[in-house]
Every structure is written in C-alpha cells, then in structure tokens.
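**Student:** Work the whole structure out from these sequences, hints included.
If you count the sequence shown from 1, you need to add 137 to reach the working numbering.
Honestly, the hints are just simulated from the structure, not real lab data.
The structure presented is a predicted model; accordingly, all values stated were derived computationally and were not measured.
Glycine is no exception: its CB is placed at the ideal position from the N, C-alpha and C atoms.
Hints are not guaranteed to be accurate.
Cross-link-like lysine-lysine pairs, in silico, BS3-like; alpha carbons within 30 Å at most [said to hold, decoys possible]:
| # | residue 1 | residue 2 |
| --- | --- | --- |
| 1 | LYS257 | LYS230 |
| 2 | LYS244 | LYS257 |
| 3 | LYS168 | LYS218 |
| 4 | LYS230 | LYS218 |
| 5 | LYS168 | LYS257 |
| 6 | LYS244 | LYS218 |
| 7 | LYS244 | LYS230 |
| 8 | LYS244 | LYS168 |
| 9 | LYS218 | LYS257 |
Pairwise CB distance ranges, derived in the manner of DEER restraints [unchecked claim]:
| # | residue 1 | residue 2 | range |
| --- | --- | --- | --- |
| 10 | VAL202 | VAL164 | 13 to 23 Å |
| 11 | VAL273 | ARG194 | 16 to 26 Å |
| 12 | SER260 | PHE226 | 26 to 36 Å |
| 13 | PRO228 | ASP268 | 33 to 43 Å |
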Amino acid sequence: MRRFIFFFLLGLFLSFIPQLVSGIAPVAPFKISETARQVTVRIYTPSVAGSGVIVEREGDRYTVVTNRHVVGDECGESDCKILTAEGLFYPAKLLSFAGLEDLDVAKVEFGSSSSYPVAKLGSYGGLEVGDVVYAVGFPNWRWR
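**Tutor:** Shown next, in the form of structure tokens:
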C-alpha cells in the first residue's frame with residue numbers, strides 16, 4: 138500500500154511539471170517588435186548605412202552597439218549620423234571597436250535630451266539548438 142501511495146503522489150507531482158514549465162508566458166511577437174523598434178537605430182556614414190542598438194545611457198549620452206563594417210574608420214565627429222525610431226537625426230562618433238580581426242563589433246555614441254529606451258542585454262548561455270531567437274535591424278530600408 139505504501140508503494141502505491143508513493144507512486145500515486147509521485148505521478149500527481151510530475152503531472153504538474155508541464156504546467157509549471159508552460160506557465161512561463163512567451164512574449165508576443167508584436168511586443169518584441171515594438172521593443173526592438175524603440176531601441177534600434179539607423180547609422181549613416183558617408184559610404185554606407187546600417188543598424189545599431191542602444192545599449193547604454195549616461196546622462197544625455199547614448200551608446201550604440203553596431204558592426205564595425207557599418208562605421209568602418211570614417212565615423213568621425215561629424216561624418217556619422219544616427220536616425221532614431223521617431224525620425225530624428227543626431228551626430229554620432231565612434232567610441233571604440235573590437236581589436237580582434239574576426240570580431241565585427243563597434244561602439245558609437247550620440248547625444249540627445251530626449252529619453253530613449255535602452256536594450257536589456259541578456260545571456261546566450263541557456264540557448265539551445267531549436268530555440269527561437271529574433272534579429273532586428275533595417276533590412277532593405279531606403280532613405281526617405
């Protein structure tokens with residue numbers, strides 16, 4: 138009888154695990170899209186345009202992470218511009234880039250008295266093959 142009660146209680150407990158795991162509500166794609174739109178910026182240089190993400194704010198200065206090939210070596214004090222989601226342009230400057238040959242990352246800074254949301258950076262440590270991830274940017278975006 139004790140064995141029956143043990144397995145019954147174990148089965149009852151295990152039956153709740155899928156609901157506990159599935160109780161974590163997935164974020165709706167439209168919510169992800171809206172958040173991404175707010176933190177993603179367009180970066181213009183004299184020869185190319187690309188995307189970046191606002192990752193830090195310090196006072197009225199914002200730091201944007203982008204790819205080095207977007208800004209190259211030509212993103213000086215006045216040669217680089219940021220276009221925000223609300224359609225405003227700001228002059229930007231290159232802060233730094235990764236010194237490794239195979240790492241295509243750069244940091245750009247712009248100033249604004251407007252308040253822009255900052256992306257919350259996560260960790261990829263828990264990702265597995267088959268997990269859903271989202272990429273943001275301005276694919277096929279044309280100057281308007």
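**Student:** Quick check: which numbered hints come out false for this structure?
**Tutor:** none
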